[in-house]
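Using the sequences provided together with the hints, build the complete structure.
Those protein sequence lines, which keep their order, are chains A and B.
Read in the numbering used here, the first sequence has 360 at position 360, and its numbers run on one by one without any break.
Read in the numbering used here, the second sequence has 566 at position 168, and its numbers run on one by one without any break.
There may be inaccurate statements among the hints.
As the list claims (entries may be wrong) - Short, incomplete list of chain B residues facing chain A, as computed with Cβ under 8 Å:
{"#": "1", "residue": "Phe446"}
{"#": "2", "residue": "Leu450"}
{"#": "3", "residue": "Ala480"}
{"#": "4", "residue": "Gly483"}
{"#": "5", "residue": "Val720"}
{"#": "6", "residue": "Met746"}
Claimed, not checked - Simulated crosslink set (BS3-like; lysine-lysine; CA at most 27 Å straight-line):
{"#": "7", "chain 1": "B", "residue 1": "Lys752", "chain 2": "A", "residue 2": "Lys126"}
{"#": "8", "chain 1": "B", "residue 1": "Lys524", "chain 2": "A", "residue 2": "Lys354"}
{"#": "9", "chain 1": "A", "residue 1": "Lys364", "chain 2": "A", "residue 2": "Lys354"}
{"#": "10", "chain 1": "B", "residue 1": "Lys752", "chain 2": "A", "residue 2": "Lys28"}
{"#": "11", "chain 1": "B", "residue 1": "Lys524", "chain 2": "B", "residue 2": "Lys426"}
Bear in mind the hints are in silico, worked out from the structure with no lab data behind them.
The C-beta atom is built at its ideal place from N, Cα and C for all residues, glycine as well.
There are 2 protein chains.
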Amino acid sequence: MDSELLDTQGVTYPRGFRASAINCGIRKDRLDLALVAADTPATAAGVFTRNLCCAAPVLLSKRHINSEHVRAIVVNSGNANAATGDRGLRAAEVCAGETARRLGCTPNEVLVASTGVIGVPLPFEKIVGGLDALVQDLSVGGGAAAAQAILTTDTFVKQRACDVRLGAGSVRIGGIAKGSGMIMPDMATLLGFITTDAAIDRRRLQQMLARAVATSFNRITVDGDTSTNDMVVLLASGASGMAVSGADEELFRSALERICTELARLIVRDGEGATKFVTVRVEGCATDRDADTIARAVANSPLVKTALCGCNPNWGRIIAAVGRAGVAFDPNRISVCLNGILACSNGMNAGAAKPVLDAVFKEKEIEIRIVLDAGPASATIWTCDLSHGYVDINMDYS
Amino acid sequence: MDSELLDTQGVTYPRGFRASAINCGIRKDRLDLALVAADTPATAAGVFTRNLCCAAPVLLSKRHINSEHVRAIVVNSGNANAATGDRGLRAAEVCAGETARRLGCTPNEVLVASTGVIGVPLPFEKIVGGLDALVQDLSVGGGAAAAQAILTTDTFVKQRACDVRLGAGSVRIGGIAKGSGMIMPDMATLLGFITTDAAIDRRRLQQMLARAVATSFNRITVDGDTSTNDMVVLLASGASGMAVSGADEELFRSALERICTELARLIVRDGEGATKFVTVRVEGCATDRDADTIARAVANSPLVKTALCGCNPNWGRIIAAVGRAGVAFDPNRISVCLNGILACSNGMNAGAAKPVLDAVFKEKEIEIRIVLDAGPASATIWTCDLSHGYVDINMDYS
Numbered sequence: 001m002d003s004e005l006l007d008t009q010g011v012t013y014p015r016g017f018r019a020s021a022i023n024c025g026i027r028k029d030r031l032d033l034a035l036v037a038a039d040t041p042a043t044a045a046g047v048f049t050r051n052l053c054c055a056a057p058v059l060l061s062k063r064h065i066n067s068e069h070v071r072a073i074v075v076n077s078g079n080a081n082a083a084t085g086d087r088g089l090r091a092a093e094v095c096a097g098e099t100a101r102r103l104g105c106t107p108n109e110v111l112v113a114s115t116g117v118i119g120v121p122l123p124f125e126k127i128v129g130g131l132d133a134l135v136q137d138l139s140v141g142g143g144a145a146a147a148q149a150i151l152t153t154d155t156f157v158k159q160r161a162c163d164v165r166l167g168a169g170s171v172r173i174g175g176i177a178k179g180s181g182m183i184m185p186d187m188a189t190l191l192g193f194i195t196t197d198a199a200i201d202r203r204r205l206q207q208m209l210a211r212a213v214a215t216s217f218n219r220i221t222v223d224g225d226t227s228t229n230d231m232v233v234l235l236a237s238g239a240s241g242m243a244v245s246g247a248d249e250e251l252f253r254s255a256l257e258r259i260c261t262e263l264a265r266l267i268v269r270d271g272e273g274a275t276k277f278v279t280v281r282v283e284g285c286a287t288d289r290d291a292d293t294i295a296r297a298v299a300n301s302p303l304v305k306t307a308l309c310g311c312n313p314n315w316g317r318i319i320a321a322v323g324r325a326g327v328a329f330d331p332n333r334i335s336v337c338l339n340g341i342l343a344c345s346n347g348m349n350a351g352a353a354k355p356v357l358d359a360v361f362k363e364k365e366i367e368i369r370i371v372l373d374a375g376p377a378s379a380t381i382w383t384c385d386l387s388h389g390y391v392d393i394n395m396d397y398s
Numbered sequence: 399m400d401s402e403l404l405d406t407q408g409v410t411y412p413r414g415f416r417a418s419a420i421n422c423g424i425r426k427d428r429l430d431l432a433l434v435a436a437d438t439p440a441t442a443a444g445v446f447t448r449n450l451c452c453a454a455p456v457l458l459s460k461r462h463i464n465s466e467h468v469r470a471i472v473v474n475s476g477n478a479n480a481a482t483g484d485r486g487l488r489a490a491e492v493c494a495g496e497t498a499r500r501l502g503c504t505p506n507e508v509l510v511a512s513t514g515v516i517g518v519p520l521p522f523e524k525i526v527g528g529l530d531a532l533v534q535d536l537s538v539g540g541g542a543a544a545a546q547a548i549l550t551t552d553t554f555v556k557q558r559a560c561d562v563r564l565g566a567g568s569v570r571i572g573g574i575a576k577g578s579g580m581i582m583p584d585m586a587t588l589l590g591f592i593t594t595d596a597a598i599d600r601r602r603l604q605q606m607l608a609r610a611v612a613t614s615f616n617r618i619t620v621d622g623d624t625s626t627n628d629m630v631v632l633l634a635s636g637a638s639g640m641a642v643s644g645a646d647e648e649l650f651r652s653a654l655e656r657i658c659t660e661l662a663r664l665i666v667r668d669g670e671g672a673t674k675f676v677t678v679r680v681e682g683c684a685t686d687r688d689a690d691t692i693a694r695a696v697a698n699s700p701l702v703k704t705a706l707c708g709c710n711p712n713w714g715r716i717i718a719a720v721g722r723a724g725v726a727f728d729p730n731r732i733s734v735c736l737n738g739i740l741a742c743s744n745g746m747n748a749g750a751a752k753p754v755l756d757a758v759f760k761e762k763e764i765e766i767r768i769v770l771d772a773g774p775a776s777a778t779i780w781t782c783d784l785s786h787g788y789v790d791i792n793m794d795y796s
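Laid out in structure tokens, this is it:
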């Protein structure tokens with residue numbers, strides 16, 4: 001039996017981690033700088049945005065994640081330090097170096113992350129000026145403040161933690177994440193920081209994280225725009241004294257996936273302007289990639305997303321999006337179910353009563369299930385609707 | 399010298415064509431059925447949606463376009479006759495057959511087109527009931543009514559015509575089109591009907607149309623959703639007595655491209671909720687396909703489109719969209735100009751004054767010029783912004 005997910009705990013639930021957050025002056029009157037630190041050197045794994053125009057902190061953290069150990073992650077909100085060239089990279093290096101000096105580790109044991117507006121020089125002197133207080137404030141109770149400080153236009157804190165019972169005892173996993181948008185609106189930057197007190201070697205930690213991210217963070221879309229700053233990092237302190245190996249690996253991996261999935265779904269629930277949580281499930285495809293391509297075409301269709309916002313069960317837009325996805329299938333064999341109601345069968349209106357479909361589409365959680373007849377593969381993508389709120393948030397300049 | 403484009407003339411400007419339009423009862427209190435007829439058998443060319451879930455009229459017209467000659471196109475708005483299965487195909491066949499009977503031609507000399515809501519059976523009896531009046535009303539002055547009848551949520555009629563001076567005399571080209579959205583909102587269906595009184599054989603007519611569409615209708619995007627019903631058809635009556643061959647071919651092709659381009663741009667200007675006309679120009683790519691992929695990633699980015707709507711010169715979103723397009727390039731060599739103002743140079747802020755960029759983005763016509771350093775290829779895409787108007791139109795159910 002899996003333990004329940006705790007929603008009042010995050011990165012400091014696992015033993016061996018402390019955190020803190022302050023306002024360092026990048027943003028007005030709110031936390032904008034967070035530090036998550038391991039008491040002793042931790043093994044680390046990370047996945048990073050594939051956007052070619054990736055940000056300086058991504059470039060630096062990709063390098064530092066290859067260190068034998070990692071001691072800390074320093075994260076600012078309000079400035080993405082992206083499209084800032086060599087100067088941005090040097091600013092990130094200064095932040096890592098100054099944090100390392102205060103923690104007594106080497107610069108390459110510090111990861112940096114940023115989220116905010118692109119193309120504005122990082123005011124790194126504000127970050128450096130806040131580091132003394134940040135290090136001094138580190139505490140086991142500081143996880144919630146760190147979860148708050150990394151947010152931008154998010155409307156709620158995203159943290160989850162759990163106990164994982166292994167063969168010889170239990171370990172803990174905890175994580176925090178931020179979702180889409182900014183008060184100075186920008187890319188839907190996604191940041192996720194996960195900790196565990198299990199002892200796991202780097203290679204397996206990376207494998208487990210990559211697999212968990214593939215089925216969680218990489219299964220969501222708010223607006224189809226991949227950020228320059230996306231980063232999910234997992235630190236393992238080993239402070240539980242429990243090494244994860246053999247049969248325990250699957251137990252641990254499953255718990256890690258649950259945390260990642262829940263954090264990813266929270267990001268969708270808090271997507272910019274979101275009024276609905278939508279699951280797009282595609283079945284009956286020749287390959288997983290086909291199913292994924294179709295699910296993303298539907299999940300990113302502005303016409304499908306506005307119909308969802310308007311409680312408009314317009315399944316014609318769904319099959320039109322499927323038809324333009326670039327995947328081969330027989331259009332006379334497609335079926336679409338909306339929250340379990342068969343709306344389209346064999347490519348045609350299945351005759352569901354309009355009041356029934358209307359009622360289904362008024363719900364806050366919608367499952368769009370698309371079934372083709374081209375093979376055994378399937379895929380799921382989680383998304384939200386496209387509302388006036390999204391336009392409002394992203395029209396604003398400051 | 400090219401002649402001016404006429405905006406008060408459309409498909410009946412070329413000799414040998416008449417048109418008419420009526421309300422047949424599919425839509426309330428507005429024209430919903432149009433007929434464009436050639437006085438004598440015309441050669442025909444057509445390009446059709448590549449959406450796999452294409453509509454019945456597309457299936458039928460793709461078949462009929464291969465006839466030796468075409469005599470007429472019958473078009474209804476208010477119902478797409480898509481996702482309607484065999485019954486929908488039979489309905490389209492009845493419409494073609496009944497029109498043919500009244501015009502004294504064979505059914506396969508009649509093309510059909512529909513635009514409207516997907517998944518609702520076509521009320522073909524209403525169309526058939528209107529055919530007598532439609533045929534009786536055919537006139538050279540009927541082009542404007544036909545241009546009106548094919549519209550959905552379009553806010554203005556889209557027609558253009560011109561004279562083309564060839565070596566031995568002149569021919570005429572005229573066209574009408576409809577753009578995005580419906581009062582019962584649906585796919586952004588695009589329909590274009592073009593006529594000419596030049597004499598051109600089928601094979602060359604098809605080549606010229608395909609080439610003209612590639613650089614006009616296929617260069618626009620309102621919301622990235624490809625319709626089930628898109629169709630552009632070109633009929634050549636030969637009524638000018640002028641055959642197009644040799645050096646005249648290039649003159650004719652160029653004029654045809656001008657008509658198609660202008661109609662395509664009108665569709666963007668009247669895109670659902672559009673407040674701006676946007677040209678995305680990408681230069682310095684390894685291949686045309688790379689340039690096109692990048693231009694579409696930028697033109698379809700909801701973050702770029704909402705920034706345009708908000709007059710927010712957020713070039714960071716533009717380079718982020720370029721970076722996620724899946725095309726290889728050096729992110730330190732990208733430049734972005736906004737209406738001629740260099741905003742980003744070598745991947746970094748170029749230092750343009752914010753008031754200057756702000757002023758530029760308040761204009762109604764925006765050119766986003768993106769220059770990479772990966773080769774000689776380029777591409778242009780025309781698009782519009784994403785506004786509250788788009789969300790409003792597409793949230794509505796009826």
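Hint-by-hint comparison with the structure:
no.: 1; hint: Phe446; result: violated, 13 Å
no.: 2; hint: Leu450; result: holds, 4 Å
no.: 3; hint: Ala480; result: holds, 7 Å
no.: 4; hint: Gly483; result: holds, 4 Å
no.: 5; hint: Val720; result: holds, 7 Å
no.: 6; hint: Met746; result: holds, 4 Å
no.: 7; hint: B:Lys752 <-> A:Lys126; result: holds, 23 Å
no.: 8; hint: B:Lys524 <-> A:Lys354; result: holds, 23 Å
no.: 9; hint: A:Lys364 <-> A:Lys354; result: holds, 18 Å
no.: 10; hint: B:Lys752 <-> A:Lys28; result: holds, 21 Å
no.: 11; hint: B:Lys524 <-> B:Lys426; result: holds, 13 Å
Hint compliance for this structure: hint 1 is the single one not met.
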